[in-house]
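**Student:** Let the hints inform the model, and build the full structure from the sequences given.
Spelled out, the chains give:
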Amino acid sequence: MTNTIGDVEEANVILLTGSNTTENHPVLSAFVKRAVKFKGAKLILVDPRRIKMADFADIWLRQNLGTDVAWINGMMHVIIKEELYDRTFVENRTTGFEELRKVAEKYTPEYVESITGTPANDLIDAARLYAGAKAGAILYCMGITQHTTGTDNVKSLANLAMLCGNLGIRGGGVNPLRGQNNVQGACDMGGLPDVFSGYQKVIDLGTRKKMEDAWGVTGLPDKPGLKVTEMIPKAHDKTLKALYIVGENPLVSDPDLNHAEKSIKNLDFLVVQDIFMTETAQLADVVLPSACFAEKEGTFSNTERRVQRVRRAVDPPGDSKDDWKITCEIASRMGFPMSYESSRAIMEEISKVTPSYAGISYDRLEEEGIHWPCPTPDHPGTPVLHTQAFPIGKGVFHAIEYIPPAEQTDDNYPLYLTTGRIIYHYHTGTMTMKSEGLNERAPENFVEISPADARKYGFDNGTMAKIASRRGDITAKIRISPAAVRGTVFIPFHFAQSAANKLTNAALDPISKIPEYKVCAVKLSKAA
Amino acid sequence: MAEQQNKITINGHDFIFEPDETILSVAQRNSIDIPTLCYLKRTIPTGACRICVVEVKGARSLLPACSTPASNNMVVHTESAPVIEARRLIIQLLLSSGNHNCAIRGSDGKDWTQFQLDVQKDDGSGELCPVWGDCRLQDLAYKYQVNGDKFPSTGIRYPMESANPFIIRDFSRCILCGRCVQACNEVQVNNAINIGYRGASTKIIAAGDRPLKDSDCVFCGECVQACPVGALVEKESRYKVRHWKTDKIQTTCSYCGVGCQLYLHVQDNKVVKVTGVDDVPPNFGSLCVKGRFGYNFINSSERLTDPLIKENGSFRKATWDEALSLVAGKLGKIKEEHGPDSIGVLTSARITNEENYIVQKFTRAALKTNNIDHCARL
Ligand code: SF4
Ligand code: SF4
Ligand code: SF4
Ligand code: FES
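As given, the protein sequences belong to chains P and G, one line each in that order. With the numbering used here applied, the first sequence corresponds to residues 6 to 533, in that order. With the numbering used here applied, the second sequence corresponds to residues 704 to 1081, in that order.
The reader is advised that the hints may include incorrect statements.
Taking lysine-lysine pairs in the DSBU-like style, the calculated list, with each CA pair at most 35 angstroms apart, reads [said to hold, decoys possible]: (1) G:K853 - G:K744; (2) P:K330 - G:K760; (3) P:K57 - P:K326; (4) G:K744 - P:K215; (5) G:K1071 - P:K326.
Derived Cβ-Cβ restraints for the label pairs, each shown as a range [to be verified]: (6) P:E87 - G:R901: 48 to 58 angstroms; (7) P:A457 - G:S1003: 54 to 64 angstroms; (8) P:F395 - G:G899: 52 to 62 angstroms; (9) G:S904 - P:G463: 46 to 56 angstroms; (10) G:S1028 - P:D60: 52 to 62 angstroms; (11) G:D950 - P:D383: 30 to 40 angstroms; (12) P:P380 - G:L796: 52 to 62 angstroms; (13) G:E1040 - P:P342: 45 to 55 angstroms; (14) P:N126 - G:D717: 53 to 63 angstroms; (15) P:P456 - G:P722: 48 to 58 angstroms; (16) P:R475 - G:E1040: 33 to 43 angstroms; (17) P:R175 - G:K760: 33 to 43 angstroms; (18) P:P238 - G:G1035: 22 to 32 angstroms.
None of these hints come from the bench; they were simulated from the model. All values derive from a computational prediction rather than experimental measurement. Beta carbons are placed, not taken as given, at the ideal position from N, Cα and C, and that holds for glycine.
**Tutor:** Dropping the structure here:
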């Protein structure tokens, strides 16, 4: 997030899209709800489903799946045409406005309606509302990123925020809500193929040199590596031979699971390090038991870039160990000695080699967390990014055209499927499904369908349906719900037994390589 | 002078107050203890319980500190005789409403057997209050040295509700302070519960007086954390957890990216309860159902406890030494035969920053590949 969670309550207008906030980020959703109910903020919701937040929205735009660039361009069209944009900000802090204006020109509200299905007048209202806000916050989640055009979607939202001068101010910003607790930290720490910790590029010679000196090695690899969505196909065609998986369960979370499973079985060697015998661990040659968050010292970085302490409360079960100790042992046995006294000592090394974490230490995190960038030990941290300038100087507008999603419905697969999470479970369910209470509230998979479609296909609540896409099929219980909109069904992806990701499309965004989980074409029939 | 205009005198000491500040807020900032029951931070004070009353010079009656704004040259006494008298009366009335059988109500002047019998009569069961020793009302009864004998007990009007996995609603102990309603409607804005019926029949109800499980409740447990007495308690830990036997360790929730600050309550090396850490960002005490109630996995019998090696299609236990040597040997061999880029590493959004750093360092410096990613965008 460019801004903080608390900042949401300072916003005059909140534009929320691609986030089922009450289910996925419940505590954060309370900030939005409070802003609307008690602080007079206006909420614009753009979501294909009638999610709970719609009850709080002043305007709800219900767009067709995968048409986000179109409505964002449409809003910018209105804002530019009516000259509602922030001239000073655009002139002083951005480049590329002319190109943006040219592209936005053709996205008239009527043209946008023909793509997105959202009424032209609602779009105009939303545009005026957002542009008129003193501070307008944009919040989004995977409903924006999990598309073949995910990167375009994100850039488009940034365009919109820059156009209205909503960056670098309290109550504004472009704020991605991170799904898993430490996604932010995994990225910050260099759990990515092209960067070291602190987003320092591996292709940069100076950076490599610095890391080589710090780590006492030579010849650090200079080419960016494979993304996870590229590793799976490489495993399939046997150019990737081994995988070391720490705390992940790609066999429920990957798109097009049937293909992923075959690929992983093609590996020569698979090591899985986890707290449970997950679906992925079952396939491993070696399984290493690790400690969970309640059993270890360390830090997580939350969605607002706040680095916070994790503390050991109980002993890990049996012989299980801290993940870092296991990895260090493997390294040492491979002839690269790695050993640390404690997680605190690791943080000391992190702060030495990572400029954005340079001022962070356990002593400073005792009471509450600190927002990076925090370049020095006496720097207070950075709750709001880009207050003076962008890291690259001026903010660049990206003129982006709308591209339809990779898969369309047709006569054989007449319904759209979108996937997501529900409040009672988390990701692939390895943790939440160990709780009787959570299971009691959400025991099994379901497919959410609109009353109209249920009538059309002759389904009653609770009957079993077979859901098929071009890649596979699963069965799940029918749940008729006003949250669903005609023509689109929803399935949560937590449940391994009838994994929604047997259906989803592995088509990738060309840049982020994130798969299009949010759109694919399916058909429903009565289960045999 | 500006300072002159913002002066309030509490118990003989002068303090400066901020615009819009209440007497309670000034007192709290200056470490003056005024008891509260219904007052809930971050919500609009309701003035329901009146336990926070103070004496204000010139006022005709005692005023609730939580909802009375400080004003210039106000003179306040927080523990004067009339104040103490009023508080004692309020506590006595509360203790006689419903079932407060924590040995505060009705134990003096009678022997223990008689007390037990009274308890059973009141309660319909022999259960003592589950939050004994962790109750604001009990604390106040001790502080002001009163019990519930003064007034006849009102008896119990509504049966306990336990038909959901997380929360027990024991209406017999409810003092109708309304904090749960504010927690639900003003803090979490779930709008699941409200004050229902009127007069002596007043009850905290979900819409249509339905059980929580059939209401809009999403089991965030904000109401449980807000309840000052034993009327709302966690089902799992009820009668299992004694708060003086537990340690509270502050840590960060391991579910979503909000990163709520929470306390793990540990008893006998087991996490037995979770509560939100008040007053600290990002969550200021709030949690969701996963963070508050989803802790059972920690102590699950299905946790992996030993390294496992697959042989002929099934796993066998191994020592760390054996497993680690096997992994290091195999990875080393594959690296040598097929090059570093034939190996991939997936790190995790679930492990710590320190561990992610170690995994990337291992990948780049030991394996010599940049094939590292995580599944978090999936
Ligand atoms: S658990 Fe949460 S939603 Fe349910 S009644 Fe309590 S505060 Fe409201
Ligand atoms: S249930 Fe607890 S918080 Fe709610 S009104 Fe009763 S005593 Fe107060
Ligand atoms: S308590 Fe809920 S909202 Fe808070 S971090 Fe945990 S999962 Fe997220
Ligand atoms: S705490 Fe002030 S009236 Fe209840």
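**Student:** Each hint needs a verdict: does it hold in this structure or not?
**Tutor:** Hint check results:
no. : hint                                 : verdict
1   : G:K853 - G:K744                      : holds (32 angstroms)
2   : P:K330 - G:K760                      : violated (65 angstroms)
3   : P:K57 - P:K326                       : violated (41 angstroms)
4   : G:K744 - P:K215                      : violated (49 angstroms)
5   : G:K1071 - P:K326                     : holds (25 angstroms)
6   : P:E87 - G:R901: 48 to 58 angstroms   : holds (52 angstroms)
7   : P:A457 - G:S1003: 54 to 64 angstroms : violated (42 angstroms)
8   : P:F395 - G:G899: 52 to 62 angstroms  : holds (53 angstroms)
9   : G:S904 - P:G463: 46 to 56 angstroms  : holds (47 angstroms)
10  : G:S1028 - P:D60: 52 to 62 angstroms  : holds (58 angstroms)
11  : G:D950 - P:D383: 30 to 40 angstroms  : holds (33 angstroms)
12  : P:P380 - G:L796: 52 to 62 angstroms  : holds (58 angstroms)
13  : G:E1040 - P:P342: 45 to 55 angstroms : violated (23 angstroms)
14  : P:N126 - G:D717: 53 to 63 angstroms  : holds (60 angstroms)
15  : P:P456 - G:P722: 48 to 58 angstroms  : holds (53 angstroms)
16  : P:R475 - G:E1040: 33 to 43 angstroms : holds (37 angstroms)
17  : P:R175 - G:K760: 33 to 43 angstroms  : holds (41 angstroms)
18  : P:P238 - G:G1035: 22 to 32 angstroms : holds (25 angstroms)
Going down the numbered hints, you'll see the structure goes against 2, 3, 4, 7, 13, while the others check out.
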